[in-house]
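As they're listed, the protein sequences go chains U and Z.
Sequence positions in the first sequence follow this note's numbering and run 13 to 269.
Sequence positions in the second sequence follow this note's numbering and run 3 to 291.
Everything labelled a hint here was simulated from the structure, so no lab data went into it.
Computed footprint of chain U on chain Z, listed as stretches where at least three residues anywhere in the stretch have a Cβ under 8 Å from a Cβ of chain U:
no., region
1, 4-15
2, 18-30
3, 115-121
So the derived list for chain U, only partly shown, Cβ under 8 Å to chain Z, looks like this:
no., residue
4, His-93
5, Leu-96
6, Gln-100
Ideal Cβ placement from N, Cα and C applies to all residues, glycine included.
As a plain string of letters, each chain reads:
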Amino acid sequence: MTMPFYVAPEQFMKDKADFARKNIARGRPLVATVYTGGVLICSENPSRSLHKVSEIYDRIAFAGVGKYNEFDQLRVSGVQHADLKGYQFSREDVDARSLANLYARYMGNVFTHEMKPLEVEILVAEVGPQPGEDQLFHILYDGTVVDEDRFTALGGESDAISSRMAKAFRPEWDLSAALVASVEALGGQERRMGAHELEVAVLERSNGRRAFRRVLEAEVEVLLAGPEASGAPDGATGGPGGAATDETAAGDGTAEA
Amino acid sequence: MSLPTFSPDDHPGPDFHELLRRAGISPLVPPAGSRPGTPATASLPFELAHGTTICAVRYRDGVVMAGDRRATAGSAIAHRTMEKVHPADSHSGVAIAGAAGPAMEMVRIFQLQLEHYEKVEGQALSLEGKANQLSQMVRSNLGMAMQGFVVVPLFAGYDLRRARGRIYTYDPTGGRYEETDYHADGSGGRDARTTIKLGFREQMSREDAVQLCVRALWQAADEDSATGGPDVVRRIYPTVATITAEGFRPVPETEVSEAFQSVIETLTAAEVHQVEGEGAPESAGSDRS
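Produce the entire structure from the sequences given, and follow the hints as far as they go.
In structure tokens:
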């Protein structure tokens, strides 16, 4: 008869945390920040179809890093919860705070009671009715919730990304400035990421009932070109500026689809 | 509430109605104690609000949908401002006739079902997929229908893959039929259908299609007591909406009221002609057919 080895609870928890942290750090990071028009979520993701960022409800978005199947399952549970709650009560009663708490409870439960913790970090973002009322909830593998109202970084190198974001962050910046800074924070000094490597989505205050919109590659290119280039579409009707606005309109359509 | 979690082999998938059933709050499942399938022998102990005339017409850019605003309970008018034409999602609409309570609930669940699918799956259902979903909902209401709570929706949308407007009609058992050009349903549906049949042309403009729907609703209200006409005093006009490649767009009330004005002028002119000159019966407008 074999005797199980005694493992101290401290050691057991530390091992689980190390395991989760190590595997999360292997994935590509993600950054979210508020801007004048709402919330921007930006991640390095070469895949066009396997999304890290998605819509939960009218004003709520979800993002995850780490093991895809695990955060996707959390995403679907979130959609189910939000839609059920909106049906039972009212659409206004669905909020990010209560959803973040549910996620935290579930992830904390898995961390303490299951053999294997979830190898994910997630973000629940909500765009408020006014600038300054947006909320970002960053939930860790063990159920820890961090509440941010400016920006947050998830995944590997999140500390380095956060400090780069802290330097670049300006309150009341527009989408283009926020995106340029986010991409620079993700890539650091040595890497300059192109639009095809990025997955970008926004929760836009002015987008009607459903605030979530995916920003497609063509629009990302225009936004990354900076305020000098993206200033053109407002005034000019023809030329590359006009084409860019068309792309934006097409982007709106597909975000609905 | 807790986070809904399901094991992979027991997952409801993108089906919102199934999720409601699992949560035990689906209104389309008859309450315990009632006997679905038993036809109501005696009349109901209360008067039920009913929806009435709805129609849809295909035109050059897509589909026009319209519906009157009256709900009746027996011979009394229950509501004057009921909306019977609703957006189902960005590119489709659903109009309802039948028992008002269950019909509104069905529309609500249908809208949520389409949005839920879109969010879970990451892409919208095809137009035919949406039509089939609605068919299943009507079918699951069959027990209630047998007891007098009949709901008959009319579904129309713009098929982005085929680049054309399409119209689907239903019967109370969930039978789904695609119409090529137009359809009208509800208690005044027959009169509306006749008017549309006489006025329909291929490749109509938006203006003509809106005008035709408004004319059909007028004729239905003229023949059917449960269908409301335009209420000029309270400024309540029927709901009209277009569904095109750009999506579901309500037609502004001013435009609907102008369309009614022109219908009224045509009909009045025809009436005056008949009274004044007995010699010119041919000049009576086609609206009097």
